[in-house]
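Use the sequences and the hints to build the structure in full.
So the protein lines, in turn, are chains A and B. Using the numbering used here, read the first sequence as starting at 1 and increasing by one per residue. Using the numbering used here, read the second sequence as starting at 1 and increasing by one per residue.
Please note that a few of the clues may not be correct.
[Claimed, not checked] To list a few chain B residues with every Cβ distance to chain A over 12 Å, as calculated:
| hint | residue |
| --- | --- |
| 1 | Arg-97 |
| 2 | Glu-191 |
| 3 | Arg-332 |
| 4 | Ala-398 |
| 5 | Arg-409 |
[Stated by the list, open to error] Which bits of chain B does chain A cover? Going by a derived footprint, with three or more residues having C-beta under 8 Å, they are:
| hint | stretch |
| --- | --- |
| 6 | 184-190 |
| 7 | 240-247 |
| 8 | 320-327 |
| 9 | 542-550 |
Calculated from the structure, these hints are not laboratory results. The model shown is predicted, which means the values in this text are computed figures rather than measured ones. Glycine included, C-beta positions come from ideal geometry on N, C-alpha and C.
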Amino acid sequence: MTAPPLLLRVDSVCAEVLEGVGAGPFAARAGEIRAGLREPLRVAIVGRVKAGKSTLLNALLRERIAPTDAGECTRHVCWYRHGQGYAVGAWLEDGTHISLPFRRGDDAIEIELGTASSELRALDVTWPAAALAGLTLIDTPGVGSSNEAIRLRAAAFLHGEDHIAPEADAVVYLMRHLHRTDMELLESLYAEAIASTSPVNAVAVLSRADEIGAARPDAMDASAAIAERYARDPHLRAAVADVLPLAGLLAETGATLRESEMEWLRAFAASGPDVVAMALLSVDRFRRQDFGPLTGEVREILLRRFGLFGLRFAVREIAEGRIQTATDLSRALVQVSGIGRLRGLMDEYFTSRAGHLKARSALLSLRAVARDMERDGAQGARYLLQSIEEIEGSAHELAELRLLHLSLTGAAGFTEEEQSEVRRLVSNAPAHVKLGLDEHEDGRVLLKTALDRVEHWRRRAATPLAGRDSQIACEVATRSYEGIHAGLAGRR
Amino acid sequence: MEPIPTAPATGVDDELARLAGLAIRAARALGNEELARDVAIAAARLDRPGSSIVVVGEFKEGKSSLVNGLLGEDVCPVDDDIATAAVTVLRHGDVARAVAWGLAGDGSGTREVPLPGLAEAVTEREGNGSPAQLVEAWLPNSFLARGITLVDTPGVHGIRPGYSAVTLGYLRAAHAAVVVSDASAPLSHEELAFLAMAAQAAPATILALAKIDLYPGWREIQSAVESQLREAGIAVPLVPVSAALRGAALRTKDPALNAESGFPDLLRAIEVLAVRQSRDLALRSLIDVVGRALRDQRAASAAGIAAREAPETLAAQLRALEQAQVGYERLRQGNARWLAVLNDGFADLAAGVDYRFRRRVRDLQRDLDEELERTDPRQAWHELGARARERSAGTAEAVVRELETGADRIAGSIAELLAQEDLEVATLEGSKAGPDLSGLWRGRPIARPALASGLGLGLLGLRGAQGGLILFGMMAGLAGLALPAGAIIGVAAVFGGKQLVEERGRQLMQRRQQAKTTLRQFLDEAEFEISRTMRDLARELNRQLRDYFAARIAERLQTCTAVIESLQQALQEDDRARAGQLRGLRAEVANTDVILARLDEIEAGLAPGTAAR
Chain A
1 MTAPPLLLRV DSVCAEVLEG VGAGPFAARA GEIRAGLREP LRVAIVGRVK
51 AGKSTLLNAL LRERIAPTDA GECTRHVCWY RHGQGYAVGA WLEDGTHISL
101 PFRRGDDAIE IELGTASSEL RALDVTWPAA ALAGLTLIDT PGVGSSNEAI
151 RLRAAAFLHG EDHIAPEADA VVYLMRHLHR TDMELLESLY AEAIASTSPV
201 NAVAVLSRAD EIGAARPDAM DASAAIAERY ARDPHLRAAV ADVLPLAGLL
251 AETGATLRES EMEWLRAFAA SGPDVVAMAL LSVDRFRRQD FGPLTGEVRE
301 ILLRRFGLFG LRFAVREIAE GRIQTATDLS RALVQVSGIG RLRGLMDEYF
351 TSRAGHLKAR SALLSLRAVA RDMERDGAQG ARYLLQSIEE IEGSAHELAE
401 LRLLHLSLTG AAGFTEEEQS EVRRLVSNAP AHVKLGLDEH EDGRVLLKTA
451 LDRVEHWRRR AATPLAGRDS QIACEVATRS YEGIHAGLAG RR
Chain B
1 MEPIPTAPAT GVDDELARLA GLAIRAARAL GNEELARDVA IAAARLDRPG
51 SSIVVVGEFK EGKSSLVNGL LGEDVCPVDD DIATAAVTVL RHGDVARAVA
101 WGLAGDGSGT REVPLPGLAE AVTEREGNGS PAQLVEAWLP NSFLARGITL
151 VDTPGVHGIR PGYSAVTLGY LRAAHAAVVV SDASAPLSHE ELAFLAMAAQ
201 AAPATILALA KIDLYPGWRE IQSAVESQLR EAGIAVPLVP VSAALRGAAL
251 RTKDPALNAE SGFPDLLRAI EVLAVRQSRD LALRSLIDVV GRALRDQRAA
301 SAAGIAAREA PETLAAQLRA LEQAQVGYER LRQGNARWLA VLNDGFADLA
351 AGVDYRFRRR VRDLQRDLDE ELERTDPRQA WHELGARARE RSAGTAEAVV
401 RELETGADRI AGSIAELLAQ EDLEVATLEG SKAGPDLSGL WRGRPIARPA
451 LASGLGLGLL GLRGAQGGLI LFGMMAGLAG LALPAGAIIG VAAVFGGKQL
501 VEERGRQLMQ RRQQAKTTLR QFLDEAEFEI SRTMRDLARE LNRQLRDYFA
551 ARIAERLQTC TAVIESLQQA LQEDDRARAG QLRGLRAEVA NTDVILARLD
601 EIEAGLAPGT AAR
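Rendered as structure tokens:
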């Protein structure tokens, strides 16, 4: 009889706590954790001021919801959840939740904070966006703001009240280049801040990638090279699964492009290569250069929507006939932005392992509850801790996360090939995908492959000189393949 | 908002040139050739005051591009990814060449670098070993030809920490700092703090808001930054610029583009603030040395007047002067008291500085150990490393500062001692000029500043310049504080089960041990480097003071001798000659008094804050 799924086990532990404790703050916390198990995965978007977090959020949602002005913009933590209708609310410091009036502006939603603004802990937005069905996204204020209140709010979210209860299950970390604060923040996230990030639940993004090469035509290639370099850096590898370049603005605009915008660009491109070249020398030139009928207001909109690189890119593609319609442009922008790769990575690392990651966060939160219960001398603390440790020690899903972590960070010393194999293995994919075989492959081939892999990893675990970490990793891989084999055999 | 300053008024130059001529003649008349030469040098410097401008800011904000924009040519390497890692000092020279310092692991070694190869020497690239610590380049460049020394720096708060403490140290010696921040975002918390410190340290500071060609919202950012400055009470002019437009303007020779690049405004601000600073310093230097020569002359004339007005006292005067001569001669002996004060003073100073320094290192060691006990190095390594470097840099800076302050104090006691012996050696407090700093930007082994001792000017102005640059080179040379990767990563606590909990504990202990060892190694190296620097600097300061006072004493002696000679002549004079002499001397004295008063007037009119720091 196979063990009940991980989430169910965690759910029962929560239920036991509720039964044991009855009412009071511990019950409330256990209740929250339990309710959270049924909710989508929570992904926080984190980074310094003006790194492009809100723009990324809008790009992922394919809608312009979060405001993204030139100056410092996001001042509060803001949760975006899926819902049937549209609603905006806020969590106050005292724990209550209120509704807030809002309206849809041209560029973003406008929320009236009113008198509540000083007691706000976080905002929350309910929106029927498709992207939110599988994920809850959390937009955060920038780290390192010169505004003290904002700085404190960002820190409070990241580190929690006593550095232990995660408010998110995974993190997307945005940076424009690797600043010392970024490194320090990544380090602190690694330990006991929001999600106890590890490469299993964190990815880094080299954001505003179109600006890195000073908006040269090869800017995205240059950024890709830099991102690759960062991805090989041992410090970053220890903290995140990968580093990807992203031009968030292009992704956002591509997903929300209007016909009128395409018309304007067409008109601009038609003014001839010389005029276009002069106008694209600088943002002010674009504003002032004498060309065509585009008004100042329209030019301003184009600048904010496309940026200098975006304009140069779009115009070149239009002039050379590769883009003819708004659909063409939309597709091209999204493609060049790099968001496709990010979505793929988030799917692979976050969405497809949602259950594992949620269980992990829930157990961390329950540990915090147990610690506090012990401190207060409440009954059941010891028992709760035991239950948690029992799950952690026996849940194969968690062991697999551990394997993934050891593989990604390089601690297990796996080759590139082995690392790819591990990534395939630790997922919710069907057996044939995990085995790297075709869907229509014969059942016997599947069985044989699984057995082969069991043998391979068992031997690998026994290799002399394999370090402790490598051994642990290999043992988990062995058991994973044993599980696959058992599953396949049971079916016949 | 601080307005961008407009050009200052000049006008005293011709007058001072004339006075300089008088001073030279006066010095020569007394046989003080060296003093005459000092005046000539100071006068020449007024014509072409050197000023040093340092470009600082966070990394990847556009410093090197800005430097290239000022120069009008691409000299400093600019890369999308890799940042500048060395201090680059650019001066005018007829032939283009560059020298890289500190290429060897222990910080020694210099090498001629062909200018196209500058990028490699200055940036940190994988597999290239460490870059140079300092690169000096000479270029036949018209911007530099105005006597400007331009310094490009590695960014502060980059991944190699430790620079901010030291950067601020040598900003004190520069004439102006240009702080660069790009127009993509308002100033971060750290940038604002750094700007505040830079504005305090450097005599003149300009904030350049860079890359305005690229960011549509740059004007909003400018307003935001101006608010930030206002709120923080930092009064610094802000100039929006674009190095890209500047480059395009220079290539196409388009004046409209050039105007849009903002560089004309930046150049004007630099001219006014930095160049004005150094001009005023040069003026003060010239006034000081001219004053000295003329006061000597006045003293000689006054003696001549006294001898002729009361010839019966002549013999007594001569005897007094001869005694003074003997006194000065005695001062030049190796066993003179002032030399003892000098050497004892430095011995005590060095001992005190050393003691405090070592105590600070122990404290740092202890603090880091304690911190390690409380945290897991995996979580906090970067922060720990950064703190270790910053505090070491702070310790090094303190050592240099204490030595320089101590040297000032010793100089003061020697001047007092000599004054007590009634020998009228000019006290250093009275000398308010700073030396020409542009000659100080030299390489890592403490190179003698070419001018300061020659000019015999106040050593006070040396504070920060040498020390800062030495520090910079030293910090760059200290080995990177790298924990082996295996120590950082490990099984995350959250995946625990019972055995793994124990395993985790053991691994944690291992990591801590490794971290401790690495930190200890770093601190040992830092300690070694700093104490070496300390010894060298102490020796150098000692020598400089000795030379300074020896030169003053030699001057006094020479003046004394010359006066004796002229008085002896007076003995031979008949009545008519004596009367003639008296008339002439009285006129001279009156004239000199007028000139001295005029000098005071000019000096009073100079901008405050150009006094030697």
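Going down the list of hints, with the structure as the test:
Here B/Arg-97 stays apart from chain A, with its beta-carbon at least about 30 Å from theirs, past the 12 Å limit. For B/Glu-191, the shortest C-beta to C-beta distance to chain A comes to about 8 Å, within the 12 Å cut-off, and the non-interface label is violated. Against chain A, the non-interface label of B/Arg-332 holds: every CB pair exceeds 12 Å, the least being about 55 Å. Once the 12 Å rule is applied to beta carbons, B/Ala-398 is consistent with being away from chain A; the minimum gap is 23 Å.
The Cβ of B/Arg-409 sits about 38 Å from the closest Cβ of chain A, beyond the 12 Å cut-off, so the non-interface label holds. Only residues whose C-beta sits within less than 8 Å of a C-beta in chain A count toward coverage, and the stretch 184-190 of chain B has 7 of them, enough to reach three; the restraint holds. With 3 residues carrying a beta carbon less than 8 Å from a beta carbon of chain A, the stretch 240-247 of chain B meets the three-residue requirement, and the given coverage holds. Here's how the stretch 320-327 of chain B fares: 0 of its residues keep a CB closer than 8 Å to some CB of chain A, so the rule of at least three is not met and the hint is violated.
Counting residues of the stretch 542-550 of chain B whose C-beta lies closer than 8 Å to any C-beta of chain A gives 0; at least three are required, and the coverage claim is violated.
Checked against the numbered hints given earlier, the structure breaks hints 2, 8 and 9 and satisfies all the rest.
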